[in-house]
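With the first letter of the sequence shown counted as 1, position 82 gets the number 584 in this note's numbering; the numbers rise by one all the way through.
None of these hints come from the bench; they were simulated from the model.
The reader is advised that the hints may include incorrect statements.
[Claimed, not checked] In silico DSSO-like pairs for lysine-lysine, Cα to Cα no more than 27 Å straight-line: (1) K727 with K589; (2) K589 with K655; (3) K650 with K589; (4) K728 with K785.
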Amino acid sequence: MRFGVQLPETEYEATWREMEDMARVSEEVGLDSLWVGDHLLYDEGGERSGPWEAWSVLAGLAAVTERIEIGPLVAALPFHAPAVLAKAAATIDEISGGRLIFGIGAGWNEVEFTAFGLPFEQRVNRFAEAFEIIRRLLAGERLDFDGKFYRLKGCELLPRPPRPGEMPFMVGSNRPRMLSLTLPYVTWWNSWYSAFGNDPARVGELVGSIVQACVESGRDPATLKKSVALYFGFDGKPQRRTEGTPRWGSIEDHLARLHQIEAAGIDEVQGILDPIAAETIEKYGEIVAAYRSSR
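Hey, can you work out the whole structure from these sequences and the hints?
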């Protein structure tokens, strides 16, 4: 099982230098992937917060890391002009030397859509068109597209994408329509920890539903990589609103739960660390090292 970590989103206003330091530590402790949330604005009970723009951060991460894979967890496609986003993804893949994982979703937070003047209604329909455009452009096509929401004439990505048709897509959704739209094409599926209450005992049921969705879409479930974002609470003041979310204690507790998650069919865990800082990434790295030694 592989391990990644998500960098700060709205836990606090992390500076670029802090994120760069966390990225370097993530590589040093042997993590496999580094993730950035693609959001614009939150309003939780009147308390507003927002992260830095995700794709700009990903470009920076591509330049300051050497080995670790990077990606959005996940990109809200309706935020973006799809052809321009495809070009950004190809550029970041070039900067990183082919390390971008393109996480995709339709978005869910109406506050940020409204605040930034983006249409919230029919976002899954918009996603469907956007995903087709992005997928085909990154495969190297010259594209004419006449959809309900997007229209292109003779669009192509030049320079050519460094991995035409090979950049991995990851869908971050458990909803039936999103799965039917994406499972024929994506490399992997991902779920946030709230979907299973951060409880490893419930992961197997969730994976079972994805396996069934694969069967219904004509996809061999064995060819789909499966990952979950998992909450890890460490000593210190919590930075996330996670009332009722289980917090584990010793390394032995973590190992037992990670083995349980792997047994449920999970291939990768993205750590959502609370608090999130270079120091807690080092602690997470100790858990990962202990897990690898225990296998």
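Going through the hints against the structure:
{"no.": "1", "hint": "K727 with K589", "in the structure": "holds (25 Å)"}
{"no.": "2", "hint": "K589 with K655", "in the structure": "holds (15 Å)"}
{"no.": "3", "hint": "K650 with K589", "in the structure": "holds (21 Å)"}
{"no.": "4", "hint": "K728 with K785", "in the structure": "holds (24 Å)"}
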